[in-house]
Amino acid sequence: GAGVSQSPSNKVTEKGKDVELRCDPISGHTALYWYRQSLGQGLEFLIYFQGNSAPDKSGLPSDRFSAERTGGSVSTLTIQRTQQEDSAVYLCASSPVAGSDTQYFGPGTRLTVL
Amino acid sequence: GQQLNQSPQSMFIQEGEDVSMNCTSSSIFNTWLWYKQEPGEGPVLLIALYKAGELTSNGRLTAQFGITRKDSFLNISASIPSDVGIYFCAGPNSGGSNYKLTFGKGTLLTVNP
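Just so you know, the sequences run in chain order A and B.
Quick note, my numbering runs 2 ahead of the 1-based positions in the first sequence.
Quick note, my numbering runs 1373 ahead of the 1-based positions in the second sequence.
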């Protein structure tokens, strides 16, 4: 079946602009996660969604970052007033059960802020 | 916070050689996960370990959960060119949030045909 998909695959933006990154999880997966991967680094947890529960936003680096998940499926990560240090690959993952350590990752969106 | 230290940072080997990489932490992990990431792709889970001392294989890959719960290693036998990629260890943060994974910085593996 289809895996996690993300769009766009690449995004180049100018400093100060807002960007929206989209994630389509695997159908039927209840949990959705966003991670950030900076060059040469491991993945950094950003946010977790599970069903209708309040999301765990504890990993978001600043209030310029926000995310929503509509209808328990598609998720959008929004970065407002982008800065150069926001440049990274943003990865989305989903899992079939709540709070699972077995997470299936999408290919990521490579964000470049000029 | 919790940190995972992976070594070596990179490896350049000949096809057919065996590979060993490890992951250590100053704090205890109750689960160890090994992921592989290829260029332009997201990480793919290779092996999950849930019990201290556990030794698990997946084809040519073998991983072990250290007895101290503070380390894990991954071995790849008879490497082939498609083994190229970055290998990450990961584990859930302490405090009950199994989904909040901590990742190491990865070991970059290059296999020369």
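Bear in mind the hints are in silico, worked out from the structure with no lab data behind them.
Misleading hints may appear alongside valid ones.
What the hints assert, rightly or not - In silico lysine-lysine, DSS-like type, Cα no more than 25 Å apart, as pairs: (1) A/K13 - A/K59; (2) B/K1473 - B/K1424; (3) B/K1443 - B/K1478; (4) A/K59 - B/K1424; (5) B/K1473 - A/K59; (6) B/K1424 - B/K1443; (7) A/K59 - A/K19; (8) B/K1443 - A/K13; (9) B/K1478 - B/K1424.
Claimed, not checked - Where chain A lies over chain B, by a calculated footprint (3+ residues, C-beta under 8 Å): (10) 1391 to 1398; (11) 1415 to 1427.
The C-beta atom is built at its ideal place from N, Cα and C for all residues, glycine as well.
Here is how each hint holds up against the structure:
| no. | hint | result |
| --- | --- | --- |
| 1 | A/K13 - A/K59 | 23 Å, holds |
| 2 | B/K1473 - B/K1424 | 19 Å, holds |
| 3 | B/K1443 - B/K1478 | 16 Å, holds |
| 4 | A/K59 - B/K1424 | 30 Å, violated |
| 5 | B/K1473 - A/K59 | 11 Å, holds |
| 6 | B/K1424 - B/K1443 | 12 Å, holds |
| 7 | A/K59 - A/K19 | 22 Å, holds |
| 8 | B/K1443 - A/K13 | 38 Å, violated |
| 9 | B/K1478 - B/K1424 | 23 Å, holds |
| 10 | 1391 to 1398 | violated (count 0) |
| 11 | 1415 to 1427 | holds (count 5) |
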